[in-house]
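All chains, full assembly: derive it from the sequences and hints.
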Amino acid sequence: MDEKIEDIEEIIGKYMHAGEILSTVRSEAKEKVKIGTTLLEVADFVEQRTIELGGLPAFPCNISRNDEAAHATPLIGDETVFAEDVVKLDLGVHIDGFIADSAITVDLTNENSDLVKASEDALYAAIDIIKNGINTAEIGAVIEDTITGHGFKPIANLTGHGVAQYLAHVPPSIPNRHIGQGVTIKTGDIFAIEPFATDGAGKVADGSLTEIFQVIGHKPIRLPAVRKVLKELEQYRTLPFAKRWLKSDKLDYSLMQLEKAGILTSYPVLKDVGGGLVSQAEHTVIVTDDGCKVITK
1 MDEKIEDIEE IIGKYMHAGE ILSTVRSEAK EKVKIGTTLL EVADFVEQRT IELGGLPAFP
61 CNISRNDEAA HATPLIGDET VFAEDVVKLD LGVHIDGFIA DSAITVDLTN ENSDLVKASE
121 DALYAAIDII KNGINTAEIG AVIEDTITGH GFKPIANLTG HGVAQYLAHV PPSIPNRHIG
181 QGVTIKTGDI FAIEPFATDG AGKVADGSLT EIFQVIGHKP IRLPAVRKVL KELEQYRTLP
241 FAKRWLKSDK LDYSLMQLEK AGILTSYPVL KDVGGGLVSQ AEHTVIVTDD GCKVITK
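Heads up: the sequence shown begins at 1 in the UniProt record's numbering, then just goes up one per residue.
Read the hints as simulated data drawn from the structure, not as lab findings.
Heads up, none of these hints are tricks.
With a straight-line Cα cutoff of 20 Å, these simulated EDC-like cross-link-like pairs (lysine to aspartate or glutamate) come out:
| # | residue 1 | residue 2 |
| --- | --- | --- |
| 1 | Lys-231 | Asp-252 |
| 2 | Lys-293 | Asp-189 |
| 3 | Lys-250 | Glu-234 |
Okay, the calculated beta carbon distance ranges per label pair:
| # | residue 1 | residue 2 | range |
| --- | --- | --- | --- |
| 4 | Ile-8 | Gly-275 | 40 to 48 Å |
| 5 | Ser-248 | Ile-35 | 30 to 38 Å |
| 6 | Lys-231 | Tyr-124 | 42 to 50 Å |
| 7 | Asn-110 | Ala-261 | 41 to 49 Å |
| 8 | Lys-297 | Pro-171 | 18 to 26 Å |
| 9 | Gln-235 | Pro-171 | 25 to 33 Å |
| 10 | Ile-216 | Phe-45 | 25 to 33 Å |
| 11 | Gln-235 | Asp-78 | 19 to 27 Å |
| 12 | Ala-261 | Asp-290 | 46 to 54 Å |
All residues carry an ideal CB built from backbone N, CA and C; glycine is no exception.
If you want it as structure tokens, here you go:
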């Protein structure tokens with residue numbers, strides 16, 4: 001067999017394995033999202049269970065509630081508990097850098113099943129049309145039409161995304177709305193589709209809290225405390241990490257210095273600008289000639 005083909009099969013195998021682990025962890029974690037449980041308990045479970053099953057977290061467990069759409073993760077020692085919330089649980093698993101990414105919404109209010117269904121139906125409507133040669137504009141149109149058909153808005157400035165080794169977000173962008181011109185998808189492309197539905201404004205902006213960061217560059221650093229943090233970050237390569245994962249002293253100062261130097265970027269919590277409730281559904285797929293394979297089912 002051609003060595004290149006063997007490599008491709010091995011890579012696909014790692015994506016599939018990451019997806020299998022994620023599917024198990026997602027299903028177990030969903031049962032732990034209950035009123036009175038701490039967010040940190042669920043995040044710790046997700047991340048530790050991923051490791052137990054032979055994977056590594058591709059990014060911190062995101063637990064975004066109510067008007068938060070993405071990038072919320074517990075703080076160090078966080079004692080916040082779930083209340084009657086609309087909870088988005090967004091998980092990532094990697095094997096040797098090959099990433100599976102998936103999200104579900106858990107409605108602890110028991111009053112927003114239509115909102116949850118809007119993002120889920122949009123996800124599966126998109127999956128149904130994906131195949132070699134489709135344009136991302138067609139996917140965005142189906143997502144928006146499905147969500148508006150349920151009486152909600154898609155979040156226009158959030159998109160799905162490609163995944164690559166040690167990179168959680170790469171092209172192509174998968175829109176959640178009608179766009180003028182997209183790009184053509186081809187067999188072998190691997191990406192995450194993630195519709196967000198809201199009863200709010202349909203647009204997100206940065207909130208005040210930031211707990212997730214990512215290394216994006218390399219520069220010499222003089223200050224010993226900052227160098228120590230940078231050394232600790234080597235294990236995450238170019239994957240996002242949570243502040244609560246780090247043990248170094250002078251953490252806030254060091255992260256601020258690294259961001260200032262252009263070595264780190266930060267991911268503030270994203271919130272619907274109208275304060276509306278948000279639901280999310282997400283799967284990672286591999287495109288085939290006549291459809292796609294969902295690796296996170």
